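Q: Use these hints to put chain B onto chain A, whose structure you have.
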Amino acid sequence: GAVVSQHPSRVICKSGTSVKIECRSLDFQATTMFWYRQFPKQSLMLMATSNEGSKATYEQGVEKDKFLINHASLTLSTLTVTSAHPEDSSFYICSANPESAASTDTQYFGPGTRLTVL
Amino acid sequence: AQSVSQHNHHVILSEAASLELGCNYSYGGTVNLFWYVQYPGQHLQLLLKYFSGDPLVKGIKGFEAEFIKSKFSFNLRKPSVQWSDTAEYFCAVRVSGGYNKLIFGAGTRLAVHP
Chain A
1129 GAVVSQHPSR
1139 VICKSGTSVK
1149 IECRSLDFQA
1159 TTMFWYRQFP
1169 KQSLMLMATS
1179 NEGSKATYEQ
1189 GVEKDKFLIN
1199 HASLTLSTLT
1209 VTSAHPEDSS
1219 FYICSANPES
1229 AASTDTQYFG
1239 PGTRLTVL
Chain B
24 AQSVSQHNHH
34 VILSEAASLE
44 LGCNYSYGGT
54 VNLFWYVQYP
64 GQHLQLLLKY
74 FSGDPLVKGI
84 KGFEAEFIKS
94 KFSFNLRKPS
104 VQWSDTAEYF
114 CAVRVSGGYN
124 KLIFGAGTRL
134 AVHP
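Residue numbers (the numbering used here), protein chains in the order written: chain A, 1129 to 1246; chain B, 24 to 137.
This is chain A alone, in the form it adopts within the complex:
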């Protein structure tokens, strides 16, 4: 089955630093990847849609200058949390759609990255 990986799985950083999270589709190509944020005991909130070779589409209320998304290849999207603050501490999850037409209906999710900002 389709596998999506994220790296790192956990990261702790100091306030004011930037953190990069990688999302990779391991056995398929993904034109579109999605970035979600999950607060404790809450649902996934879509942050942005990452499109290979073009700018990401951000959801309302998500600061695009704070959450930089780069989708440079069909198997890799990165989310950079710039100048992180404690309120950015959260669980960040990516998902990807396989490129093939027969399977563009299903998103495959990565295992998530827990970010803690001190």
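These are calculated hints, taken from the structure and not from any lab test. As the structure is a computational prediction, the values presented were derived from the model and not from experiment. Hints are all accurate, no fakes.
DSSO-like cross-link-like pairs, simulated, lysine-lysine; straight-line CA separation at most 30 Å:
{"#": "1", "chain 1": "A", "residue 1": "Lys1192", "chain 2": "B", "residue 2": "Lys124"}
{"#": "2", "chain 1": "B", "residue 1": "Lys124", "chain 2": "A", "residue 2": "Lys1148"}
{"#": "3", "chain 1": "A", "residue 1": "Lys1169", "chain 2": "B", "residue 2": "Lys84"}
{"#": "4", "chain 1": "A", "residue 1": "Lys1192", "chain 2": "A", "residue 2": "Lys1169"}
A: Using the frame of chain A, we list chain B on its own:
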């Protein structure tokens, strides 16, 4: 704006009990509906999905869901739960023309006691 409501935040059942988790959405157009499960410490996995056709959809691990268009509902059911079904369950909706983005419900945490 589109939204998804899951009525039960926490459900506790004994093994062999029947399960029904409610999911309602607010959108008047064409939707695709999904149930995802997140086992402790694992990533989200697709349980089942509905796009069109038979409104009763069967998924993995004995789960099924019924799409009732008039009620804007897509409830998840399982006749007899097992301890291994302990997990968090998320209902999600994708609206037509929505660039394949999913809108998730708040999730239901299910605990099954042996």
